[in-house]
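*Asks:* Take a look at the letters that make up each chain.
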Amino acid sequence: MKLTAIVLIVLGLAVAPAVAAPKWTFVERASGIYVNTNVPIFDKAAYDRIEDGLPMTVVIRLWVYPEGSKRPVSFVLMQRTIVYDLWDEVYQVAHDGPLGRRVYTVKFKGDAITLMTGLDQVRLVDAAALGYDTHFVVAVVAELNPVSKETLAEVRRWLSDGAGGGLDRGGSFFGSFVSVFVNLKIPEADRVVRQQSQPFYRLRPKATP
Amino acid sequence: MIIALLASVAAALPGVGTAIAQPDDEPTDTIDPESSTGAVGEIVDPSFGPLISIEAVELVGNRTTASRVILRALPIGAGDVLRAGDPRLKRARWKLLALGYFLDVTLALRKGSARGKVILTVAVVERGTVALNRLWFGSSVVAPWWLGADLGDRNFFGTGLAVGGAVAFTGHGAIAGARDQWAGELRVSAPGLGGSRWGVHGAITGQHGSEPFRVGGPLGSSAASDLRAFGYRRLAARAGGSVELTTISDLSADLRVEQIDADVPVAPTRTLPDGRVAAVDLGLRQGQSHVVSLAVGYDRDNRPDPALPHQGTRVQVQAELGSTLLGGSYDFAVLLGRYDRWWPINRRAALGLRLAGGAILGDAPRFDRIHIADVDRLLSPRVLGMTTALTAPLDVLGTDNAETLYGELGGNVVVEYTYRWWRRPHRIYGADAFVAVGLWGLTTADELRVRDRSWWSALPIDAVIDAGLRIDTEIGVFEFTVANALGRVPRW
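Chains as they are written, first to last, in our numbering: chain E, 0 to 208; chain V, 8 to 499.
Among the hints, erroneous ones may be present.
What the hints assert, rightly or not - Derived, one-sided and incomplete: chain E residues facing chain V with beta-carbon distance under 7 angstroms:
id : residue
1  : A45
2  : D47
3  : I49
4  : L85
5  : W86
6  : E88
7  : A93
8  : H94
9  : R101
10 : T104
11 : V105
12 : K106
13 : K108
14 : E153
15 : V154
16 : K205
It should be emphasised that the hints constitute simulated quantities derived from the structure, not laboratory data. Just so you know, these numbers come straight off a predicted model, no measurement behind them. Cβ atoms here follow ideal geometry from the backbone N, Cα and C, with glycine treated the same way.
Isolated chain V (complex conformation) (with noise of 0.2 angstroms):
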């Protein structure tokens, strides 16, 4: 009966949907109910309400952003008749603070110059658009420091456009054949031109980088005397457009070139704990190569909070061909996928699903192989591309794991309870601790040929335990976890 009830009633408002978690911040000394049932409130009739002719928009508190891209954001314009129920009259709040320009948007009609018209004022309050995405630090023995960050500002000089950019550095080790390494890019992208759902985006990134490789030693050795260093320069520039699908999901293609200058050493070869000498594959042509690549992306976010979430779906998925046909010196593809999604269990704590893998194939370049920090959290991540750690990662179960620095094959599945501490609607805004368990793997093709171990301990994979906090504050959000630190100080 209850069914009935709700679907009848559901059946009567439009936009019933899923369910909506109730603020915290409320009292909750009433009966909890258990759920809720959309967000009809969204639901505006467009023929409710009086007869309206916008006669003029007026902005007020944009004292940095261009007022042509505040206008071209709203859905209504001058000279737009509508009923003042039109959804697109609610919506167009949305619209201006989904740019990410403003920290509050209100909207307000009062009477224009003759009966029926009106004007549109808009009140924004800007907010500081420069971010930090990315900030880079630690020590491992390949690089005793290393340092570096990513800053962008979204709306740069009001223009909207949003413009990037970043550097490290990384000190050398005692890896014979290491350098310091440094990398830069620059980003800038154009979202919405001319208030349509394109956009045009391109980089450019310089590495001068050291690779390292092993050449002798126990298996996953990361001792300086079992490794060599190998020198290059890479310069790459990306350039492509997208094209908004959805308010929530984007399209985008991307030309990439790039020149690569390595000084590949020349048959590079490894001493096996057992006596064999065998080949190194670096993955790189001998002095200057060339690497040009079309690559397509889908991007589809349905997270209410993608900074602490609880629910919602995140889907990514990324192929990219590159080809001597187009003037390049290596032929492969690479496919990347990844797919969030997150399970409410009650108001404070959800369950959800990480999942994220590739498949590289044919002869790609060493550096877009999937390297081993980009499976298994517990490692130092690549900076800019750099290599600053060679870290053997844990060994959970006993499995074959630590030889693959670059493979072929590769991803993750982990699964995390996060416990939602705390909902604010000021400064901090929220903590969720969080414990999550999981599986990586990493192997080349050849790995998956040949097996000179039990299928158990050949199996390329590793568990992946973490814990930790993540917060969300009023000046960005943190993480404070277990492989967070882990990634940072040298270790084993």
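Chain E with its partners taken away, still in its complex shape (with noise of 0.2 angstroms):
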């Protein structure tokens, strides 16, 4: 497949983060738009639990929408999946999304993170859908552990039993609750990562003579 652009000019006036932010690279490739960057979804918490040996999740999201706008062109939606074996001290990694799955199996934890958490030549969107001279940028989401909301419905479920049980039914049946107790409040995941990338847009092809 021949490369027909590399032209993606990245703006340098994105806002200059207080923090080292990913870099972000665009690459017109055939009929697609590909991007390279890496979300920094694992902290160390999380870091140190891949080696308990159950599975951990990420789910990551991402949007390409035109600059100043909140509508956009195009929507990725990636997860992956992590789980060490304890016994061949090894980590597997599965990848689904658009292309499919695919499992890894690597040796060191870096290199799994890496496949967690690295955005390698990931399809955001046809060429043809990004105009030429148009600035667009891409958000990301990810989320580590997401919980589904029936998982959140059935956790807190019972919060709202009430009371119950007695001659009080009417009122309790008709009227909300109000309740004193010691309540756990689950996070809809255990880390929620958002990002958004610099500005870019794609060069009109200069025209042969």
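Starting from two chains that each stand alone, build the complex the way the hints lay out.
*Replies:* Here it is in structure tokens:
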């Protein structure tokens, strides 16, 4: 496949972040726009828990927007799962996305983390969907071990049990509840990272003489 | 194209479903994705990961909760052979948290005695399981003071049994025939018997009450001189079983046996404003009577956050049939339904629709009819079934709403706009400000049949308006609302 262009200009006007932000690079190849970056979703606690042998999941959502707009022109959803094999002492990482499933087995933890958090040549959108001279940005939301609405409902259902059971069912049936207890708030994910790329745009191909 | 792309991605990943609200404590200086596409992260391929055999399950941190209570709640146990990616391993944490006994649960695997064998360690952080479910207090013409509380323990001495109880006292006002009232209740339930989906529950309630009724004065009068009261005693036992249909829905069935001893006046009457004298139906037999009934109920609640709901639905349906054929003194049926639904408007605001209503058929005892405070949240609710106020409702629409204290057909529909004030991960988790408007109605079969005013004036409905704050904290959920305040103080 011929590399037709690596001409996406990354504007240097992006706001300088307080901490070192991952580098985003965009490539137009064949008919698609591809991105390379890294989503630092693993903090120290999560990093240490990988060896517990239980699966951990990262869900990554990418939206491509015209700069200044909230209407995305493209969306990509990916899921990555890691599990540590206690006996073989290797890491198995599964990638699920628009291209299907791929499973990797690596020896070193650093490689496993890279597989979990790196976006390597991820196809964002058909190049034709992005007009020339318009600036675009990519927003990413990555969630570590997200929890479904159904699970949240199940876990917090005891909150709405109320007193019930006695003769006062009329009042409790129609009314709302107000309770005092030691209350647990389940987060919707262990960790959430939101990032936005610097703006980029497609260069119009030079006309051949 | 976007839809097609979303669809193709959704098809590639099972479990793509409803939107996920994004946590507010994350930086929001990026473009806010208008929607997410579901909790695909919970979908774990059961064929992924190494094959493991659970050699043993170790429990850590359960100082109060019996080990058997935890072990029977786990979807896996010693001897099970599964892949490390099996969803049951991931679900185990949520199953334990759903018990409501723990602040946190962490699971970990370590090598067992032979290749392929693993030890599953379950570390729990216990929480206080005693809850103050309800608190009653206030003042009115009927009862110059009332005070009561409902307490429960979801994990009684670590046994997994839920035990609760309530007591309430009310002083008597200047109404002729009134007396001090008290009531007590004891409840026990055993959910998930032996780790199954079945549970049993029971409750005993006693009341030494005093019930007011109008004998004269203008419509809706709550002046002591226009009221009389009669004494009664109730002793009721309710027992039944429940089955968890899904993780968010259950079905229950109950048998209720109740004895009522009422000192009902012989042929009570009321002098109407135009001078006519009308008979008053107090809905109780003179002396001793019994209520024996069978009830079934269905409850489904998929709201991710029942304390501060912004999405999801709750449905409750309850039907009760009392009959002389069962040995009771009353033939009646009660149908109650409730439907709450929430639609997120954006990340901060949501619109809620709350519908609740019921119908009483036949000769239901007074206490089983729909009380006006059940449908009008601006009035003082009954306290353990005891009437504490006869305050007339607001007359916003100029309709006929002041007369019916106990009705046979009633309900309300309320639309609520909720604004997410804040969310935090610790201590005071969040607060919502809300404004609610709606209609309530309550009537009897007689009122439906006979009308002596214009149809609008005769409509037994009125508007309800409420506003306030709901606060979800580490120690509980609190409501500070206009209705809550109005229901606790004497007025007009």
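*Asks:* With a cut-off of 7 angstroms on the beta carbons, see whether E:K106 makes it to chain V.
*Replies:* violated, 14 angstroms
*Asks:* For the hint on E:T104, just tell me whether its beta-carbon gets within less than 7 angstroms of chain V.
*Replies:* Not OK, violated: E:T104 not within 7 angstroms of chain V, min 10 angstroms.
*Asks:* Under the criterion of a CB-CB separation shorter than 7 angstroms, is E:K205 in contact with chain V as hinted?
*Replies:* violated, 28 angstroms
*Asks:* Report holds or violated for the interface hint on E:W86, using the least CB-CB distance to chain V and a cut-off of 7 angstroms.
*Replies:* holds, 5 angstroms
*Asks:* Tell me if the interface restraint on E:D47 is satisfied: Cβ within less than 7 angstroms of some Cβ in chain V.
*Replies:* violated, 11 angstroms
*Asks:* Regarding the hint that E:E88 lies at the interface with chain V, is the smallest CB-CB distance below 7 angstroms?
*Replies:* violated, 10 angstroms
*Asks:* Checking hints one by one. Is E:L85 an interface residue toward chain V, by the C-beta closer than 7 angstroms rule?
*Replies:* holds, 5 angstroms
*Asks:* Min Cβ distance, E:I49 to chain V: is it shorter than 7 angstroms?
*Replies:* Given a least distance of 11 angstroms, the restraint on E:I49 is violated.
*Asks:* So, E:R101 near chain V? Judge it on the closest CB pair being under 7 angstroms.
*Replies:* Violated - the Cβ of E:R101 stays beyond 7 angstroms from chain V, reaching only about 12 angstroms at its closest.
*Asks:* Does the closest beta carbon of chain V sit nearer than 7 angstroms to the beta carbon of E:H94?
*Replies:* With Cβ-Cβ at 11 angstroms, over 7 angstroms, it is violated.
*Asks:* Is the interface hint satisfied for E:E153? The criterion is a beta-carbon contact with chain V at less than 7 angstroms.
*Replies:* This interface hint holds because 4 angstroms falls under the 7 angstroms limit.
*Asks:* Would the stated hint for E:A45 survive a check requiring a Cβ distance to chain V of less than 7 angstroms?
*Replies:* violated, 12 angstroms
Hint compliance for this structure: hints 1, 2, 3, 6, 8, 9, 10, 11, 12, 13 and 16 are broken, all remaining hints hold.
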